[in-house]
Amino acid sequence: MAKVLYSVTMSVDGFITGPDGDMQWMRPYLGPNPEVDELIPRIGSILVGRRSHDGDDPFKGESGEGQAFGGGWSGPQYVVTHRPPAEAEPDVTYVDDFTKALAQAKEAAGDKYVNVIGANIAKQCIEAGELDEVLLLFAPAMLGDGTRLFDYPGGHTVRLERKSVTETAMATSLWFTVV
Numbered sequence: 028m029a030k031v032l033y034s035v036t037m038s039v040d041g042f043i044t045g046p047d048g049d050m051q052w053m054r055p056y057l058g059p060n061p062e063v064d065e066l067i068p069r070i071g072s073i074l075v076g077r078r079s080h081d082g083d084d085p086f087k088g089e090s091g092e093g094q095a096f097g098g099g100w101s102g103p104q105y106v107v108t109h110r111p112p113a114e115a116e117p118d119v120t121y122v123d124d125f126t127k128a129l130a131q132a133k134e135a136a137g138d139k140y141v142n143v144i145g146a147n148i149a150k151q152c153i154e155a156g157e158l159d160e161v162l163l164l165f166a167p168a169m170l171g172d173g174t175r176l177f178d179y180p181g182g183h184t185v186r187l188e189r190k191s192v193t194e195t196a197m198a199t200s201l202w203f204t205v206v
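Heads up: the sequence shown is residues 28 to 206, going by the working numbering.
I should point out that these hints are in silico values taken from the structure, not numbers from a laboratory.
Please read all numbers here as calculations on a predicted model, not as lab measurements.
A few of these clues could be false.
What the hints assert, rightly or not - Result set (SDA-like, lysine to any residue): computed pairs, CA atoms no more than 25 Å apart in a straight line:
hint, residue 1, residue 2
1, Lys127, Glu160
2, Lys30, Lys139
3, Lys150, Met50
4, Lys139, Glu188
5, Lys150, Arg175
6, Lys150, Ile70
7, Lys30, Pro46
8, Lys190, Ala168
9, Lys30, Arg78
10, Lys190, Ser200
11, Lys150, Gly45
12, Lys190, Gly156
13, Lys30, Gly99
14, Lys127, Asp172
15, Lys139, Val122
16, Lys127, Lys190
17, Lys139, Ser200
Working from the sequences, and respecting the hints, build out all of it.
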């Protein structure tokens, strides 16, 4: 059965994008990371919000631009949106309901991970009690502004249990199970 994972690179001050959704800040920190290299083949599908799907690409101007993990992964992607584009993209399904999109992503993932992209979709997974794991890749930078990892005013505490901690020269990875 698929597990739902929120994996994300973030600044040490808690932002996953810079101001106006800027993702270029993370380019220097995308270097080799064994944790990510081992994760990618274990991803069976991606669940993403429309804003993240259409947003800035940290691989802009490179051969992996517009592709998941800079072209390191391919497979079914489920975009939650009420505004599907006129032209379809290969391997991308636009779904107007979060619950339906999650169910489709889990079915497509089989016994692999549904990888969540985007803070809002991660929050919806938490609200639905569907988030199983969180992988935070801390980049050594402070942005001061942007999209927060987790913004849930009036929400409840989400308890996490640490699975692992790994380090590379450019990132510290913390992997948690949601308890």
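Results of checking the hints against the structure:
1. Restraint check for Lys127 and Glu160: satisfied, since their Cα atoms lie roughly 20 Å apart, inside the 25 Å limit.
2. Between Lys30 and Lys139 the alpha-carbon distance is near 7 Å, which keeps this suggested pair within the 25 Å criterion.
3. Annotation: proposed proximity of Lys150 to Met50 holds, straight-line Cα distance about 20 Å (limit 25 Å).
4. Restraint check for Lys139 and Glu188: satisfied, since their Cα atoms lie roughly 20 Å apart, inside the 25 Å limit.
5. Taking the CA atoms of Lys150 and Arg175, the gap is about 11 Å. The hint holds against a cut of 25 Å.
6. Restraint check: the Cα-Cα separation between Lys150 and Ile70 comes to about 20 Å, which is no more than 25 Å; the hinted pair holds.
7. A hinted pair counts as satisfied when its Cα atoms are at most 25 Å apart, and Lys30 with Pro46 does not qualify at roughly 31 Å.
8. This hinted pair checks out: Lys190 and Ala168 have alpha carbons roughly 24 Å apart, not beyond 25 Å.
9. Distance restraint check for Lys30 and Arg78: the Cα-Cα separation of roughly 23 Å lies within the 25 Å cut-off, and the hinted pair is therefore satisfied.
10. Note on Lys190 and Ser200: the hinted pairing holds, with a Cα-Cα distance of about 11 Å set against a maximum of 25 Å.
11. Only pairs whose Cα atoms come within 25 Å are accepted, and Lys150 paired with Gly45 is accepted, the gap being roughly 19 Å.
12. Our distance criterion of 25 Å between C-alpha atoms is met by Lys190 and Gly156, whose separation comes to about 19 Å.
13. Proposed proximity of Lys30 and Gly99 is supported: the alpha carbons are some 20 Å apart, at most 25 Å.
14. Note on Lys127 and Asp172: the hinted pairing is violated, with a Cα-Cα distance of about 32 Å set against a maximum of 25 Å.
15. With a C-alpha separation of about 21 Å, the suggested pairing of Lys139 with Val122 holds against the 25 Å cut-off.
16. Pair hint Lys127 plus Lys190 does not hold up; C-alpha atoms about 29 Å apart against a cutoff of 25 Å.
17. Distance check on the hinted pair: Lys139 and Ser200 sit about 20 Å apart at the alpha-carbon level, within 25 Å; holds.
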